[in-house]
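2 protein chains.
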Amino acid sequence: MATVKKKAAKKAVKKSAKKATKKTAAKKSAAAKAKPGKYVYVWGDGKADGDGSMKALLGGKGANLAEMSNIGVPVPAGFTITTEVCTYYYDNGKKYPKTLDAQIEENIAKVEKVMGKKFGDLENPLLLSVRSGARESMPGMMDTILNLGINDEVVEALATKTGNAKFAWDSYRRFLQMYGSVVMEVEAEAGEHHDPYEVILDEAKEKAGVKDDSGLSADDLREVVEKFKALIKDRSGKNFPEDPRAQLKGAVNAVFNSWNNDRAIVYRQKYGIPAAWGTAVNVQAMVFGNTGKTSGTGVAFTRDPATGENVFYGEYLIDAQGEDVVAGVRTPKPIAKMAKDLPKSYKELQVIRKKLEKHFRDVQDVEFTIEEGKLWMLQTRNGKRTGFAAVNIALDMVKERLIKKEEAILRIPADDLSHLLAPIFDSKAEKAATKVGSGLPAGPGAASGKIYFSAEESVAAAAKGESVILVRQATSPEDLRGMIAAEGILTTEGGASSHAALVARQMGKVCVCGAHNMSIDYDKKTLTGNGVTLNEGDELSLNGFVGSVYAGEIQSSPSQVIQGLLENKAAAKRSDTYKKFMELMSWTDKLRKLGIRTNSDTPEQVEQAIKFGAEGIGLTRAEHMFFEGNRIDSVREMILADDDEGRAKALKKIKVFMKKDFKGIFKALDGRPATIRLLDPPLHEFIGTMTDEQKQDLSEKIGMSASDITKRIHSLHEENPMLGHRGCRLGISYPAITATQVEAILEAAAEVQAKGTKVLPEIMVPLVSYARELEIQKQVIDETADEVRKKLGLKKSQLKYTVGTMIEIPRAAITADEVAEHAEFFSFGTNDLTQTGLGLSRDDSSSFLPAYQDAEVLSNNPFASLDQGGVGKLVEMGVKGGRSVKPKLKLGICGEHGGDPDSVKFFHRAGLNYVSCSPFRIPVARLAAAQAALEEKGLARGEVS
Amino acid sequence: MATVKKKAAKKAVKKSAKKATKKTAAKKSAAAKAKPGKYVYVWGDGKADGDGSMKALLGGKGANLAEMSNIGVPVPAGFTITTEVCTYYYDNGKKYPKTLDAQIEENIAKVEKVMGKKFGDLENPLLLSVRSGARESMPGMMDTILNLGINDEVVEALATKTGNAKFAWDSYRRFLQMYGSVVMEVEAEAGEHHDPYEVILDEAKEKAGVKDDSGLSADDLREVVEKFKALIKDRSGKNFPEDPRAQLKGAVNAVFNSWNNDRAIVYRQKYGIPAAWGTAVNVQAMVFGNTGKTSGTGVAFTRDPATGENVFYGEYLIDAQGEDVVAGVRTPKPIAKMAKDLPKSYKELQVIRKKLEKHFRDVQDVEFTIEEGKLWMLQTRNGKRTGFAAVNIALDMVKERLIKKEEAILRIPADDLSHLLAPIFDSKAEKAATKVGSGLPAGPGAASGKIYFSAEESVAAAAKGESVILVRQATSPEDLRGMIAAEGILTTEGGASSHAALVARQMGKVCVCGAHNMSIDYDKKTLTGNGVTLNEGDELSLNGFVGSVYAGEIQSSPSQVIQGLLENKAAAKRSDTYKKFMELMSWTDKLRKLGIRTNSDTPEQVEQAIKFGAEGIGLTRAEHMFFEGNRIDSVREMILADDDEGRAKALKKIKVFMKKDFKGIFKALDGRPATIRLLDPPLHEFIGTMTDEQKQDLSEKIGMSASDITKRIHSLHEENPMLGHRGCRLGISYPAITATQVEAILEAAAEVQAKGTKVLPEIMVPLVSYARELEIQKQVIDETADEVRKKLGLKKSQLKYTVGTMIEIPRAAITADEVAEHAEFFSFGTNDLTQTGLGLSRDDSSSFLPAYQDAEVLSNNPFASLDQGGVGKLVEMGVKGGRSVKPKLKLGICGEHGGDPDSVKFFHRAGLNYVSCSPFRIPVARLAAAQAALEEKGLARGEVS
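So the sequence lines, in the order shown, correspond to chains A and B.
Residues in the first sequence are numbered consecutively from 1, following UniProt numbering.
Residues in the second sequence are numbered consecutively from 1, following UniProt numbering.
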């Protein structure tokens, strides 16, 4: 927990440091208005003691209410008792400053004056709400009391004044219920299974013969009120206080006490909120939207939060309270209809909409109430939005000169850019569909198709023109062709970084993985979830944004950005989304310092990546193409060879297709650099899954008995293959494997160069732990290069390359100074570095990571977002060590983290030269890199103006 | 390579720093005698220009020859051309200092005078040897020329003088052969498969009709000499130089040039010898042991190097040259017989023996030659010896006041102490046995028995009184009973840290593991190696010192130390070895600062460990007792449970036997502290190997269908179990597993305490990566402890324990400051820290570690001796981080490295409080810890006087 606290403390310090860079004006206003000895800050009637900058003193809610009042938005008057009072209360044995009572009394009078009502009055009574409000929102953690100020006399006055006795008595019983439980602590006792207030209400409903609370008459409610009072007296031994001022004291006290209830403490620990901050208490005049046909209530966004379109978006109800809109008992009307129902209020609301957007310079999510024709704004906050909306709104606002480009860039959550790239479901159709399971949303997008349980069947079905969903417990490189053929991939095992997820993201495939609540029977070819069993060929739909799995087909299509960018469709290019996306991307490139490369293994992927903005390849893996056609036969022959001669024979065949691949990649790169990783995976991966039939088939091809093949497969099996005979360990055991790859790379480079295309191969040695490993492999590479040059009659300057290494083992990061002596570049392999640094298998961790997130050990999956406090320190050691020997050493990162915004920002701060990620993540990385550069200047979201 | 060089440079600096602490006298003498402009240092006739301290200038060989001469030992006279000349030669375009020739000439005269012979003389010619000699020995890397100074005239003089024409001509042809190839570079050319000199010799032998060189007559050899000369002329275009002085110049030149030949460069890189050191050249008078019945040659040790007994030990031959003793063509005689054959020389040799031991204060390994009754010493150096001899000699020499206790301690290689603990084979019987394979020497000692291929069969056979060798491809916890029952363990897979090796060492069992050249057929129950196939029940013998495997039985017995210490046998206690061992151990305890604990899992092991000197338990693992009796049923029931209730039921049963175990351990400890590690291994380990029969059996016991058991086993399978759901991850997923263990520990502690024995449980949480994991587990432990106390009516002070963690994941080491906030102690789990820090699976690395040692990536197995440059840095980070928060944090280490001397010394330097190792390694650890404390004071072997 201490870690979390520390981080929070650091964050707080950082934040305040950032605040210090803000406009001096705002700072002065906050400082100037916070006066010593002033414990209560009033707002209302177009002015306020405080303002929006005073969140530390007034809490978020209080500061925003003051701000709205200041800019002339109609807000029910009220006052904030400051967080200083909370601190004083806890520092002084739960006592209050002496002048507090007088200050409260003084400000009640101000509120009464503004609202034209009087607290406790028997003609026109003012009712109050009492709410908590800390510096950062802690939704639902602390206490709230509404309708405060009613008693046996006031309720009658309220009934008379409103002409609505039922409303008056219902408000009274609600107040008693809240006050009794929160302030007087009369709640369900140990052994009591039902809330005692609800028991009384249920009895009343039974007696009246109605089903809902709303069915109770004023008289029924009067009886309920009597019974509530008796319950409170009976259980607490005290009378419910009739005096409104005593009620207020009790309520304020309860809210301050709730700062230290169990829920609040746990919440603060979770989000790293210091206990010393304390909460403010907001006391505000109640307004009612349920007092007749000229009253109402609603919620709205100043623009459409789904599309970002600049239209007023929301819904309302006539003669209703706030919770009725949300509860769904009555169907709210679209906001536009308000123009007819309540034309005056609607006009007013339109003016306020513009005013708030202009003032807060962002889309606002507002709540409002109309009480007898009078519009009151109850809340405003920045509205949450989809990725589409985020881009649209940000770019529109730049055009509208509401915000600058930098602010637009900071405001779009980089991850949400992927929404613009992924195919989408129709939302109504999705709601209607039968959900049969859920897993991790590993490849964003939406896909429907027929399910198949093997790569072969998927390929065959796709060849027949079927839309395919490949369903596997987990995927391996052998499933690659099936994955390519499929529209979507579903696995029941593995996490967000499993093979399925990794490949799916790279290919931009829709993928839901680790759907543990579903099961596969390969023999029967069935998929079962939520009681539904699907057979091979049945339709299934995947929502890769959220990880939902549905039976049946749901319609989807590629996004406009993809249609424009990759499919070069003119119509899509004319779309607003496409244009905005392209404009945003062009801005990011001017701001970012990090280079952006791609992890791509085929010429097609490279072409895509370049369209997405890649400036080169950060990682290409020869082995990802080993399963194409019958290449795997040669690979297997090489692995199964029991002497150098046999290995050489197979390597010769492998070299042919490797060279062809590299030529394609170099051509596609058209002069951009390419980091090529030498063979990395454990050899068993290429042979471990062979069936008897495949063994027999291979046996005939390579002249080795099937039983010898089985023996060799057995001898290559490893207990922990991730920590086994792989990476440069293969190259050290079998230098010919390294040499063959280098020949293929350099011969390909020479041939492509000869046709006028520049080639910059960066040969990367994987899994180095010891500097000596790199030294040995570099020697093999250099010697092979000399031979290739000699053979081709080229000078050293005519066939260039560099040699570098992955930093993916803790030892290499720790001894980076030694490793750097033999390296021209480093590329951090953060997937393996996470596995080894945390002692955590990517493939096996999904079984307990959920428990870890529940127990708050982890807030993120460390394979998706870099563990900055641990693995990040290894990266920093690697940077420091490497640059201590070679100050200009080129540093990159090619793990999956290269496409994760938080990680990209970390790599920027760590001083890397570039990040590399799968093609479809490149826009995200570009945006995150630009954000990182802005943040380095001390800018933060909402602070550029 | 740079790393190696750097280390070497550091080592060199360190060494010279150490040298600086040596007696000032020696330092002065070395400095005083090294005069500027003096390039040649002569020795002979009881004096010398240099001495043994001048190794940097004179090289090791030259300095030692001077030293022997100085103390009056008869050494053939000679002189050293210094290493400065070598440096000058390379710094000045292969030219020599101007005064060198004159200095050489001057010293030839001195040698001539001492030897009474003249170089190039035609009556009594002096022959010379010319040898390299660097500061550190580089055996065989540089060039040597013998018999220099012969030509067509001298050979006749030699024949006349010795009356042995064959000897003279044979010397001449040998000289030509050496000089021709080394100096004149006439060697086999490209495409020539045979050495041209040997071709000529073969032709001569064919012509003479003899098989061996020795069969050739003087006349035959004369012809060979002519042909050699013609060959040299023909191929080099130059005449062989008849002038002895020209010969000498050529030879010296060749030796200096050989400092930079390929072999020497590679060797220097391997052992980190700087090129700048250069080599010296030693020119020495030849003496001949093959000139008749009053001549001879021999090798000897001043004490028996096998037993350490203070007897003269060696062998000799009359009328022979040095290489004849080694070559085995003639059988040498035991040295004692020399008293009859050559009484005068023998007496002289005895005097020299005493003199050398007294002077060098250690056992000497000498070579000598007697030329016509005159004894010459050709070499002396410290003798290599067995562990038995090392202990005997060191302790005898302390008694003899030759050395101090500190020197005795520094002189015994700590690892060799294990020789005193292990059973032994009769060496003659071993030589006669049929070797059928070899593997890693994993458990020292010697064992013979009948082979069995499963734990059950081993147990059954042992129960019948058979001596058993358990033969497995690899072992698992399930084999434990079989291992206990066996005398020795042989595996065909796995390395020095495999389960088999680990358990064998802990139990002190003889073990050979990873015998890859042998194969097992479990179905046929056969073991095959070296063409021999053994069946179940056949006799096999294992030499665990060297890793040899033999068919048949070879007799062995426990060592005297074990008989005395563990079996309390009076006869053994009276033995000299036992007494010396005990005395040595008592010395170490006074010197060492590191505490010594044991890794033990049973009361019996704890009792043994205490007898070996353990001061507590550093690691006890509950799971190591899970396979005893039918306990495994409850463990499996716990693992297979699919809800909390089922798990609780099984845990209740487990608690019963765990508590019993802990009570036994606490009693055995008798007040010493015990670090108890909570359950660590992946659960699959306990169920993955179940047979169908076992599943059926368990199904009936726990009421779960066999197919459900199979499904659950399948679902628990992990790709990389070492990085999977294990350690504290289990405790976080299932807090009840942690709570049950804590209940068992604390209830056991309370019951043992109640009977008056102090108990100090230190509860250790395994596999922590995040501080939060430890925080969560500590909370479970503390809450459980409160419940136990409440139940037993004990106050906090009446039932104490501490909570700490393993540091075995890089992240924990890196974030040790955060982890330490929740820890009362750290214990470095260097096995796992090595696996994760190097990304290297302990079980899988044996397939490529040999290639790594060949390629000089590793000099040691990192699972046996700590990788100080990488994993060691993680340990240092852990120490620094932990102590930054808690300056007095108790730090220990419980990996296998706790019993490795180099690692123990590292842990001493790193500031740990204690090391923990398996019982049989405790004496080694005690000695190494004492050595570490001495080394900290700047003392080194041979430097205490």
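The reader is advised that the hints may include incorrect statements.
Given that identical chains are not distinguished, each listed pair holds provided it fits within a single copy or across any two copies.
Claimed, not checked - In silico SDA-like cross-links for lysine to any residue, where the CA-CA straight-line distance does not exceed 25 Å:
1) LYS238 to GLU187
2) LYS778 to ASN260
3) LYS464 to GLU743
4) LYS711 to ASN517
5) LYS873 to LEU889
6) LYS652 to SER705
7) LYS405 to GLN696
8) LYS579 to GLU700
9) LYS890 to ASP341
10) LYS405 to SER236
11) LYS98 to LYS667
12) LYS47 to ASN261
13) LYS525 to GLU553
14) LYS886 to GLN379
Just so you know, the hints here were simulated from the structure itself, not pulled from any lab data.
Since the model is a prediction, treat every value here as computed from it, not as a measurement.
Now the hints, each set against the structure:
no. : hint             : result
1   : LYS238 to GLU187 : within (14 Å within a copy, 115 Å between copies)
2   : LYS778 to ASN260 : between (62 Å within a copy, 24 Å between copies)
3   : LYS464 to GLU743 : neither (40 Å within a copy, 63 Å between copies)
4   : LYS711 to ASN517 : between (37 Å within a copy, 15 Å between copies)
5   : LYS873 to LEU889 : both (18 Å within a copy, 23 Å between copies)
6   : LYS652 to SER705 : within (22 Å within a copy, 53 Å between copies)
7   : LYS405 to GLN696 : neither (63 Å within a copy, 69 Å between copies)
8   : LYS579 to GLU700 : neither (57 Å within a copy, 69 Å between copies)
9   : LYS890 to ASP341 : neither (66 Å within a copy, 76 Å between copies)
10  : LYS405 to SER236 : neither (60 Å within a copy, 82 Å between copies)
11  : LYS98 to LYS667  : neither (80 Å within a copy, 65 Å between copies)
12  : LYS47 to ASN261  : neither (34 Å within a copy, 93 Å between copies)
13  : LYS525 to GLU553 : within (19 Å within a copy, 58 Å between copies)
14  : LYS886 to GLN379 : neither (56 Å within a copy, 49 Å between copies)
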